[in-house]
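> Going line by line, the protein sequences match chains D and Z.
Under my numbering, think of the first position of the first sequence as 1, with each following residue one higher.
Under my numbering, think of the first position of the second sequence as 1, with each following residue one higher.
Simulated from the structure, these hints should not be mistaken for laboratory data.
Be aware that one or more of the hints could be misleading.
In this list, chains with the same sequence are indistinguishable; a pair is considered to hold if it fits within one copy or across any two.
With a cut-off of at most 30 Å between alpha-carbon atoms, the simulated DSS-like pairs for lysine-lysine come out as follows [stated by the list, open to error]:
{"hint": "1", "residue 1": "Lys258", "residue 2": "Lys52"}
{"hint": "2", "residue 1": "Lys100", "residue 2": "Lys267"}
{"hint": "3", "residue 1": "Lys441", "residue 2": "Lys277"}
{"hint": "4", "residue 1": "Lys277", "residue 2": "Lys503"}
{"hint": "5", "residue 1": "Lys572", "residue 2": "Lys277"}
{"hint": "6", "residue 1": "Lys441", "residue 2": "Lys255"}
{"hint": "7", "residue 1": "Lys100", "residue 2": "Lys612"}
{"hint": "8", "residue 1": "Lys573", "residue 2": "Lys737"}
{"hint": "9", "residue 1": "Lys668", "residue 2": "Lys612"}
{"hint": "10", "residue 1": "Lys263", "residue 2": "Lys441"}
{"hint": "11", "residue 1": "Lys258", "residue 2": "Lys503"}
{"hint": "12", "residue 1": "Lys263", "residue 2": "Lys350"}
{"hint": "13", "residue 1": "Lys173", "residue 2": "Lys785"}
2 protein chains.
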Amino acid sequence: MKIFYRLGLLFFMVIMAGILFLRRLRSLFLFSVLFLLALLPKRTYAQQALVKYVKPIIGTQKMGHTYPGATVPFGAVQLSPDTDTLSYEMNGKYNGDVYKYCAGYKYEDKTIVGFSHTHFSGTGHSDLGDFLVMPTQGRLKLNPGTADNPGSGFRSGFSHANEHIEAGYYRVKLDDHQIMAELTATERVGLHRYTFPKSEDSHVVLDLMSGIYNYEDKNVWTFVRVVNDTLVTGYRQTNGWARTRTVYFAMSFSKPFKGYGQKNFDKTQVYKGFWRKFDQTRNFPDIAGKRIRMYFDFTTTDEEQVVIKFALSPVSQENALENMRSEAPGWDFDRIKAKAQAKWNTELNKIVIDASEDDKINFYTAMYHAFINPTNYTDVNTEYKGLDQNVHKANGFTNYTTFSLWDTYRALHPFLNIMQPSRNNDIVKSMLAHYDQSTLKMLPIWSHYANDNWCMSGYHSVSVIADAVVKGVYNGNAARALEACVTTANRRSYEGIGDYIDKGYIPAENNRTSVSNTLEYAYDDWCIAQMAKKLGREDVYSTFIKRAANWRNVFDARIGFMRPRLADGSFKKDFDALSTHDQGFIEGNTWNYSFFVPHDPKAMIEVMGGAKRVAARLDSLFTMHLPDEFFAETEDITREGIIGGYVHGNEPAHHVAYLYNWVGQPWKTQERVRMILKMQYKPTPDGLGGNDDCGQMSAWYMFSSLGFYPVSPGSDEYALGSPAVNTAVLNLENGKKLTIEAVNQSDKHIYVAKVLLNGRLLKGHTIRHADIIDGGVLRFVMTDKIR
Amino acid sequence: MKIFYRLGLLFFMVIMAGILFLRRLRSLFLFSVLFLLALLPKRTYAQQALVKYVKPIIGTQKMGHTYPGATVPFGAVQLSPDTDTLSYEMNGKYNGDVYKYCAGYKYEDKTIVGFSHTHFSGTGHSDLGDFLVMPTQGRLKLNPGTADNPGSGFRSGFSHANEHIEAGYYRVKLDDHQIMAELTATERVGLHRYTFPKSEDSHVVLDLMSGIYNYEDKNVWTFVRVVNDTLVTGYRQTNGWARTRTVYFAMSFSKPFKGYGQKNFDKTQVYKGFWRKFDQTRNFPDIAGKRIRMYFDFTTTDEEQVVIKFALSPVSQENALENMRSEAPGWDFDRIKAKAQAKWNTELNKIVIDASEDDKINFYTAMYHAFINPTNYTDVNTEYKGLDQNVHKANGFTNYTTFSLWDTYRALHPFLNIMQPSRNNDIVKSMLAHYDQSTLKMLPIWSHYANDNWCMSGYHSVSVIADAVVKGVYNGNAARALEACVTTANRRSYEGIGDYIDKGYIPAENNRTSVSNTLEYAYDDWCIAQMAKKLGREDVYSTFIKRAANWRNVFDARIGFMRPRLADGSFKKDFDALSTHDQGFIEGNTWNYSFFVPHDPKAMIEVMGGAKRVAARLDSLFTMHLPDEFFAETEDITREGIIGGYVHGNEPAHHVAYLYNWVGQPWKTQERVRMILKMQYKPTPDGLGGNDDCGQMSAWYMFSSLGFYPVSPGSDEYALGSPAVNTAVLNLENGKKLTIEAVNQSDKHIYVAKVLLNGRLLKGHTIRHADIIDGGVLRFVMTDKIR
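Can you build the whole structure from these sequences, using the hints too?
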């Protein structure tokens, strides 16, 4: 709408409003005022309808480990169908199949057990799956039944044909119950709308035993109060990947249930006898135990809809209720759905691209997946549970959890530093709060729900913090942040750090992943040094810049690879460069890990024998054949997740394609990046070749599609690649815009002839952070010829 | 000190102080000011040193179930030695021996396992025993060892010769470790002072698995933070008699420990592998699990004292810390001990008696035991955990827990209404808060630590509330209190109430204790009627006064006894009047329970065939022989706990001795009461013939010693008996005094010739509440002759 037209209309309406008011046509007056308000410009850029490009089903098949259910950006609730709820253990041993259900949903499955409220997106280990709700009809069943015979329990068959999935909305027909189930969410509230058939025997099952990566004793305690015939509150504590995790809930029904009950599956209930004064199985409102399933009964008319609001809180039942009242008053499911999708649309509009339809789907779905984690872990009243298990108030920030840092420090957090700087600022503050609450005085490693499971190697919080400090995103006390990083890096009792400090590497006999750890610590130490430099802390800088060179100590110049080293200084014998397990690495063999010196590729290339040899080595990596026996050791990915010996489905080599820039063959970076974009990301359920890992794979996709990538977070430089979009407009938080143009870009025109920033030719193969957030035009001139 | 002398001295000191101040002898000036302050009269009555008469050891042998450790009046902490910590289960079955350890300590035992912070006083079922602390020396042992071979674990032999016990103070020498252990307490903090020998190898064990009535899965979760080398905080949740109970703690050491560690005894620790990044057994500060024992290491010099402050909270670690800082700053154990004893002395001085030394010991120890429960369940910042598991603030009252109401409604709460009306007012408010938080909308039955275990029969909260309302003690909204009572009494799903309302009695086929329940409900309903009458609620009165007559429905006129009745109206066949089990009764056979119409003895006597027959029946009760087979069914008492067939060790007949007043033989009331006082209460470890039951037995003692007893709480009348003191001065909260004189009282002069209230002859055998709290002189003229 042109501005003059808008102004003219405004003037006309003001006159009209005045007349209407004087004539006491109040309702018409009110209407016209509302109409006027609607005309006021709301945003500085017009929003496109981008939600349609989000296909949450991408990555739900094979190894993506994404979930299809409803969530809002960075929301605390992830309400999604679980197609099975296997036990972590079978006959006392680890049950390998449980791994497939990291996100609760497996595209290949034919049945749905129910809809639970918390899910990780793309992880390779798991937890959560809290509060599984399932609507049923007919004879009440309080066991889930089996996938082969869904009728044996409350689960139901379904087909993808009857499934409709959008960002913030999920719908499926439950065939066995003839019930249509719809899901949407606010930040802290999951909404269910169930359309029942006519039945005297309709039920809603609330399974308080169910969980992801479940096992016999995982449920520590459950407490439920049936407050009245539409409101239930309670909590559940589990002991899983999060050693201790308590989620409080408030569950509200749009229609009063006519009765309810529970079954307690606890093995021993010593004091059960004392409680026989009541029939506790039916209409008994004060429920507690370790393994409980509840149900609520309804009589439903044909196509009657029952809406359930299910709010979560990390702190208390009251907070869950307050969250519900604040975010989801009333019963208008469609309004909440529209709001959820509006939130997604606002986020997605931060980057408006021109590209093929498939690339748009890939891009916006990647953006969707990148904007799921970390998740909000603060109640509306600002309270949250800290690592010390105390209740804290988040003063001046939103507290986040779910830090899959070994993955996400690489590209997700740098991406947030560009597109969501305020949020990443809060994320850094959340990490520092975690540190303050830590008796160990450590920043998070792999942290979720007021715990640390210390999964994977490195202490990569320091990378996220350094990147935010160096790029000016963190607005808190940077000296305190530095201190937290230094203290974490000096926690001698953690994972070989003592040895690492003393010897400059971790002896292989003391640590199964001694080389990955040494390499990653060295990079993290470089991050600390960068932060120290910026803060003028020369003392800290000099200590950590020395530690940053420790990667040299595990490099075996004789074979030209990183290699496990023993305490006596000798390198491990019986070393196989193709193997990962027990070779000192995790999720990547030395072919991948030997390139892990992101902070000093120049020195790495030097020790590896110079640019030519390294270029050849990179070629080999992308073209070699990884025999099956070694592929099997590469966790979390499908065969499609590797290209030659390059493992894109895991993270350690995510920067490697960009290293060609450093050996004088940038066209190979451009080739490889385009190849990876094509081969590793598809707009299909099996479109992800490996775990999305809380958005890291997706962030890689977006960076690379836009033509640049943060090879070494903690530096303010990005390596240039080959943009796969035609144009992209980045609507930055500071109000500026960066327009990326890839002139002549096509599947064949993948090579970059030249790059112009605001008309000025860029030399070299990097672009600085300031250049991006200052906005303007970044023009890649593309060609089909190698330069 | 005479007042003139005091004034003269005051004058002299003021002059002296002026001179000292002018001469700048500041320190001497300060001293004289302090001296002056000490001279100021502090209370309206001079306190006697009565603590010396308290012998906490009374009742620790056999069936008393009292504990000898340190507590302050109504304190949240009960820090006491545990001489064994048996499991509730042995080979999957109930372990009968555990019953002996209801209070953790058994006088007969030769070893002490440690000192834990929470204990019930005198109960017949149990729980608690939280946070067992044990100082040791020599090689570290992390199992308790056995009583036969204490050296096999951390427990230690001890002897009563080396034990010194006072109100608020406990000391024992731990022979195996050559450590002197001393205990004292504030309301919310337990203090330990351990005097170690010289050793490089001194330890303090913190056993977080141990508990009273423990069993394999009782520990639900434990969390501990070692904040620094003198401070540890955490919590433990258990699933026992209290279905769910979480106690938070803060533990502070006067001397830094040189190291610490833990052992986790959990059967399965699925994710243990993930935590191998640390050695979690030693100096690892972030501890959690289900079954944990910790230890702290010290090097001690000879006779070095280490003081431990151990604060509790029902709400949070921070609250525990705040409780500690507020109540026990600094490290002066002796000062805290003196304060604890001063608190006891203040309470004990509320009644100053003249009696024999033994009687003083019995009396003041009874008072001590009566002033332990209910216990404070509010943090210093007024927060507490409610029945709904939410955190509440106690606005304008102190929240109490540990309501052994089936016992304590009889005499303990009526006693508090006279001597602790403010506190009983708060207790009623606590019960109403419990009701407000109850999803069942029920007042407490047997409630502790934000739970109800619904133990025993009746809904006797209503008796406590009615008594407080009728006597003007409750100052809150009485209409709301009445509503809570009515709602509780109409909870049809509870223990036969539905049947009771419909039929006027509980059919025996539906309820194992159908007669006790019917009788007790009828009495409770009468209490509700009294309250309704006082509040002018004629509608409620008429409903409940009808229900109050329901005792008639289980009276079998043919045999003259209360008797189980079936749904069809017929009485149960195969009925044995001597038996208790499966006869419709609990803790008393029909010989005892048939007299349970405390609210209408007149009508009861009438249906039983008149005064003469009832008098004879009472005689039989006190003189009959109860064969062993039936004695065995009388729970919780020793053979000494019965007199004939009268079971004083249990509660149902506590009012029975006073019933002679109603059948025209008051001298027999006087005889029986004196006999019971003599036979059932002795100043020895085995001095209590049955469980003290949270002070009920003790309250009976005090009432009866003073010459009156509340036969029917909820009425404002007390039945007169035979005072066993020479004189007693009741220092009432309203500032008035009641002086009781028992002229010529002796072991032979047990009969009451006449009773004069303020010189006016009392007719009948009752005295009204108003007469007591208005103060004055209540003179019993005693004789050795039956009137």
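> What are the numbers of the hints the structure violates, in ascending order?
Hints 1, 7, 8, 12 and 13 contradicted; others consistent.
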